[in-house]
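Undergrad: Please take these sequences and the hints and turn them into a complete structure.
Protein chains in written order, with the numbering used here: chain U, 216 to 552; chain S, 216 to 552; chain C, 958 to 1366; chain X, 958 to 1366.
Honestly, the hints are just simulated from the structure, not real lab data. Be careful, since some hints might not be right.
Simulated coverage check for chain S against chain U, where a stretch passes if three residues somewhere in it have a Cβ under 8 Å from a Cβ of chain U [claimed, not checked]:
#1 302 to 311
#2 347 to 353
In silico SDA-like links for lysine to any residue, alpha-carbon gap of 25 Å or less [said to hold, decoys possible]:
#3 U:Lys258 with X:Thr1276
#4 U:Lys258 with X:Gly1010
#5 S:Lys262 with C:Ser972
#6 C:Lys1351 with U:Glu453
#7 C:Lys1343 with C:Arg1361
Part of the chain C face toward chain X, derived, beta carbon under 10 Å [what the hints assert, rightly or not]:
#8 Asn983
#9 Ser1162
#10 Leu1182
#11 Leu1251
Keep in mind the model is a prediction, meaning the values are calculated, not measured. Positions of the beta carbon are idealized from the N, C-alpha and C atoms, including for glycine.
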Amino acid sequence: MTAMNMVQALNSALDGKMNEDPDILIFGEDVGYFGGVFRVTDKLQEKYGLTRCFDTPISEGGIVATAIGMGAYGLRPVVEIQFADYILPAFDQLVSEAARLRYRSNGDFWAPITVRVPYGGGIFGGQTHSQSPEALFAHVVGLKSVIPSNPYDAKGLLISAIEDDDPVIFFEPKRLYNGLFEGRPDDAVKPWKNHPLADVPEEIYRIPLGKARTVREGSDVTVLAYGTMVHVALSAIEECGIDAELIDLRSIVPLDIDAIVESVRRTGRCVIAHEASRYGGFGGELSALVQERCFYHLRAPIERVTGWDTPYPHAFEWDYFPGPQRVIDAMQRTQEV
Amino acid sequence: MTAMNMVQALNSALDGKMNEDPDILIFGEDVGYFGGVFRVTDKLQEKYGLTRCFDTPISEGGIVATAIGMGAYGLRPVVEIQFADYILPAFDQLVSEAARLRYRSNGDFWAPITVRVPYGGGIFGGQTHSQSPEALFAHVVGLKSVIPSNPYDAKGLLISAIEDDDPVIFFEPKRLYNGLFEGRPDDAVKPWKNHPLADVPEEIYRIPLGKARTVREGSDVTVLAYGTMVHVALSAIEECGIDAELIDLRSIVPLDIDAIVESVRRTGRCVIAHEASRYGGFGGELSALVQERCFYHLRAPIERVTGWDTPYPHAFEWDYFPGPQRVIDAMQRTQEV
Amino acid sequence: MKNRTELSLYVPEPSGRPGDEPDFSNVALQDAGEQRCPDTLTPEIELRDMPYGLIRVLDDEGKAVGPWTPDLPADHLLRGLDAMVRTRIFDDRMFRANRQGKTSFYMKSSGEEAIGAAQSLCLGERDMCFPTYRILSWLMARDYPMTALGNQIFSNAEDPLKGRQMPVLYSARDYGFYSISGNLGSRLGHAVGWAMASAYRHDDSIALGYVGEGTTAEGNVHEALTFAGVYRPPVILCVTNNQWAISSFSGIAGGNRTTFAAKALAYGIPGLRVDGNDFLAIHAATNWARERALGNKGATLIELVTYRASAHSSSDDPTRYRPKNEDKAWPLGDPIERLKQHLIVRGDMTEDDYRELYEDCEKRVRASIREAEAIGTLGQSKPSVKAMFEQVFKEPDWRQIEQRREVGY
Amino acid sequence: MKNRTELSLYVPEPSGRPGDEPDFSNVALQDAGEQRCPDTLTPEIELRDMPYGLIRVLDDEGKAVGPWTPDLPADHLLRGLDAMVRTRIFDDRMFRANRQGKTSFYMKSSGEEAIGAAQSLCLGERDMCFPTYRILSWLMARDYPMTALGNQIFSNAEDPLKGRQMPVLYSARDYGFYSISGNLGSRLGHAVGWAMASAYRHDDSIALGYVGEGTTAEGNVHEALTFAGVYRPPVILCVTNNQWAISSFSGIAGGNRTTFAAKALAYGIPGLRVDGNDFLAIHAATNWARERALGNKGATLIELVTYRASAHSSSDDPTRYRPKNEDKAWPLGDPIERLKQHLIVRGDMTEDDYRELYEDCEKRVRASIREAEAIGTLGQSKPSVKAMFEQVFKEPDWRQIEQRREVGY
Ligand SMILES: Cc1ncc(C[n+]2csc(CCOP(=O)(O)OP(=O)(O)O)c2C)c(N)n1
Ligand SMILES: Cc1ncc(C[n+]2csc(CCOP(=O)(O)OP(=O)(O)O)c2C)c(N)n1
Ligand SMILES: [Mg+2]
Ligand SMILES: [Mg+2]
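TA: Here you go:
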């Protein structure tokens, strides 16, 4: 075990898998010699050579298309899209091709690709370095969407994603790369190293896709979150004293519906938190599923704590970001009835 | 007043606006000399000349980018994407540019464009001529999404969309172009001409964006639908005898939240119907909104009747399509409690 | 301030519309045998004139002339002819089947049969083509069972794609034929990725990608070409310029300003412009690109100049937007006629032989389609509904399982 | 089977990495004055050699030579120099301000100042540029208030973009400067659309779009060029080839295989390759393209060969991926030094004059930044939070209204 931050844990996953499987190729903008703008692919070119980890033209569509072709051939490419805000030029490739190839060809071809995508806010990145587009992918039949919240999960989930024979979008909450963040911008930076989930084995291990993690058990309300919001929610729970059960979804496709339903039936209350803007966000799906499956157990309206329905605004980062106080307010509203 | 089908009503809206406003330009694949593969732009090139209605390269991204540039200059382009399934190459332009231009430039520039998109199933078009991607757009802050269900609305809404100073995605349920469709593939084709909403004035008129239409008043359950599903739902209601209130949303951004809330508070029950696959679909958002705002009035779980979570399959069109029987089943489930 | 004129918006128009005489004077031609044939390893910088010429082998009499003449045995040509003839007949019958309501949709490749047939026979078994919907003759040349084609087209119980795809959007891995989709251009980059994978593995499989001339305007085509230029994988990228994209003539895709082969110059790869109705020229150019690829010199772009002799699809009516009889006026003729004529000139076939071949093709096509029809046409027979829920993922998740249960399968 | 070698995957590499000597021997150069200057209305077919040359006017001594020499009065050049110098100073100060935490982010255009300055002064008031984040000198040349730049960069209460944008993503319609976004390449098509609109209206406004050489790989760049080729609008499309795209050298964008100007050949439009550190050459080429556009002859692609002398952005450290002192070794020199030298050679300026100009620039920059800082730097001052909810649409819908209320503004 070594204390790793999230970047190191992801790097360790890539390194371990590349070492094991020559069919794994890594490419993307600046991932080669430089090791990626967030350093997740650091040293991989040096270690595995130019043809196994290399830079690409600035062409997200081209990156994904190339990966699909390689995947159809029999390789297992792992590509990086530099920021989630820039994944849209590849959207058609992901939706119309990667997600549909197995189905439409009746298994003749498939796309065992992993698309790593730094996403989310909290870094003063303004409109185009902060967005959380996971809802756009969750709606796409044929894609899996995974979102880790800590170094241990990041490594185990990335390994599962790489080994998965279906296309996986792997959203990395970039605000968590180098330290914990609880939605309190004025707090001192909390390094990962003292966190229990920063204890990461050097070797390969897997966390199955579709299994949520109960971060904290509780009986007053179920809080559903993923990515950075897991820590925001935990901090909110700790602050306000409500005995909330916090579930880190870890992947939104496949979704651990059983864990969610079991918990909400028990607590009778539910708060959903995500960074993305609210309308049409993934919180809507979660709310609908909970409502459909727990209707008779619900004692208060399901609450959504999300980004506002505006673009992600640079100077208003902390007005926009759904911080702990807003999670507390929502939890409290569920308790008032 | 003339009896018009939906194609004629849309053509009449375009014709009327082009006649009135020289800043309106129409372009897209095959919309020029040929008048569009669905004939919606028929005769417009002949009438208004080559530079006002013309063919474009097969490049959805290029079409939308060009429209945005023209819009920023001061024109009011109305473009066609041949099928909704092919709008994704333009997705980045719509999301990162059209939707954000006004906000990010603080009103220096904006994109008063209308993007017409034939969408939806029921025409044996298989995976790539049948999809309903409206949820992907509803989540995008800064875009409006309009979906008419009949000739009268189609004309009035299209005129409002064109006159709107924000980018509007105008989804046209192509199964309704030439006749009514109630989700019963074995029925004889029902031409529009005898339908009251096929009585379309020749002149310009407007239906404001964001105002739903109550298709049928009722007290047992509120059914929310748009596009083709309005007729499927109405047919279902008529068949089963439940006194349902049917609301045609007409636009999903802006959404007529007041009409929805008022109705569900009254009926205490709600069924949501759309063609798109369920998970992450717009029905999730509707369900969440209704739940949040009508929790204490709800007497049964909100039901979603949707396409399945599979790609749109050619041979299984009628197994996939959420036909009237599935709407009836859902309405009945809401009555059982 | 010299030379200023009032600005105006230019919109290209074709040389003729319904009621006009066909006019192909704008198509840049070159006589058979005229274009030079450089060595396959020639640096790109010495090939920059190639996109503006036209590689042709068969002359007007059917003789093979010039430096591109490939050395092909008669049985190779006969196999090609057989595939082309069967494609033509199959297309005609299926188009009719569509009119009779036996299938929801159909697309013919009439006039373009030489392309898939010549390239299918030129490339190896382990090579992979990334086709458009007009490359049926590739499968015919590799003897893909025509009954299976019919089953796919009818979406019947034996449909190899389990009813999930519209007619003609085949997939046939074992025949070197990648899955087609309705989306234009989005597989060209897969061809490049495939070829990069092959190079990475030190394999000798090459990839062949196709787009129509209209589709070259899509961003993803540029992205594929960019990757092909940068990483030099063993891939052949083809533009089938059949002059039309539904109702839009090639000028709407930029074909009035330069050739589609010249797009190669933007990426520093060789661009060949080839008579797409000339089986021998197609073979020769494809083989040139293949040798270059196998010499580790990377990608080649090939424009195949041809003509879409029929409607875009069963939903289309070309008499509404182009002159009648354009196909008759097309200066590069009919690919089947031309190959037949060549075989006759060579002395490898007589008119009688051809009639026999044709009748044999007809018989085989008819028998296959009958077999498929016997299994069922659209709506009369289909795969089990459970196929709707399968292979969304390798393993279904709870959504497909629950929903399948709800449907009752 | 001749010439076959084992396939392998090729990945381009730059001529040097940290620790290596800078090496620009692969950059194709041509001496000043050597490239021919065709008439602006010359058909594209006669211009196909142009993308492979290099238009240069200023020679090593600072003399203007050859057929592209523009006839520019001294005050035009001095205005350009003033804009370039202020850009350099402003950039340096703001980079430092970023290091001091006064702003979240910054991007310099050091080494590339000639481009925006020359083009801004060449084009007219009603023309519109569609910039990247490295075209600050355009605004400087048009005397956009530097305090407003500072306010934007600090996201303070007077930020003209109301705190909604990251630093340097300006928008200034009145200065012919379109809204920048972080997304690469997605505005090039807007430039084409703008120009088409101008042509449609018989206006005389032309558009100028920019992308970096790295960005040419994006599909949307191809789409913009395709529309520019087809409809021939009055637009100038520029590729600023500064050799690097963050850590990726230009070969990763295909620059090893051919020039970026040669991409023009794919679309049948003229392509000019220009010394991007030569104020006069940039002016001349831009003016050529402008005259052509105003002669209703359509678009021109211009590659501006330059060098990114500084880090990609405040988040970047170029010593990690490229040789030290590459900027010193760059064969086309420093654009400010070169224009200054030219003015001296012309006799329009002395070293003393230059010192004076420089000090004056420094003073003005300092005063403006101080003024902006006085209003507030990042976090110390910001626009009202209600601006977060405004202009999502022209009129807010219930979501923005409800949410704004929830936030309490
Ligand atoms: C992305 C996308 N946009 C639009 C369409 C609709 N469409 C189908 S075929 C076609 C024309 C294609 O023309 P071309 O590329 O020349 O191929 P051809 O049909 O001539 O072989 C169009 C516009 C599509 N299928 N996909
Ligand atoms: C669509 C998109 N992809 C990726 C990025 C991340 N990114 C920002 S700048 C940059 C490099 C751009 O290089 P180039 O086009 O050469 O412009 P330069 O910075 O050299 O002026 C990259 C990859 C982005 N902003 N947008
Ligand atoms: Mg075509
Ligand atoms: Mg660059």
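Undergrad: Per the coverage rule (Cβ-Cβ under 8 Å, at least three residues), is the segment 347 to 353 of chain S covered by chain U?
TA: Per the Cβ count (3), the hint holds.
Undergrad: Taken at face value, is the distance from the CA of Ser972 (chain C) to the CA of Lys262 (chain S) at most 25 Å?
TA: holds (21 Å)
Undergrad: At a threshold of 10 Å, is the proposed contact between Leu1182 (chain C) and chain X supported by beta-carbon distances?
TA: Interface hint status for Leu1182 (chain C): holds (9 Å vs cutoff 10 Å).
Undergrad: Hint check: is the beta carbon of Leu1251 (chain C) less than 10 Å from a beta carbon of chain X?
TA: At about 5 Å, which falls below the 10 Å cut-off, the nearest Cβ of chain X leaves the hint on Leu1251 (chain C) intact, so it holds.
Undergrad: How does the segment 302 to 311 of chain S fare against chain U when you require at least three residues with a CB closer than 8 Å, holds or violated?
TA: holds (count 6)
Undergrad: Was the hint right that Asn983 (chain C) lines chain X, CB cutoff 10 Å?
TA: Hint on Asn983 (chain C): violated, closest Cβ of chain X at ~13 Å, above 10 Å.
Undergrad: Is the straight-line distance between the alpha-carbon of Lys258 (chain U) and that of Gly1010 (chain X) 25 Å or less?
TA: Given that 25 Å is the threshold and the Cα spacing comes to 39 Å, the pair is violated.
Undergrad: Straight-line Cα separation of Lys258 (chain U) and Thr1276 (chain X) no greater than 25 Å?
TA: holds (16 Å)
Undergrad: Does Ser1162 (chain C) pass the interface hint, meaning its C-beta sits closer than 10 Å to a C-beta of chain X?
TA: holds (9 Å)
Undergrad: Compare the distance between the alpha carbons of Lys1343 (chain C) and Arg1361 (chain C) with 25 Å, and conclude whether the hinted pair is satisfied.
TA: Holds, at roughly 7 Å.
Undergrad: Is the Cα-Cα distance between Lys1351 (chain C) and Glu453 (chain U) 25 Å or less?
TA: violated (41 Å)
Checked against the numbered hints given earlier, the structure breaks hints 4, 6, 8 and satisfies all the rest.
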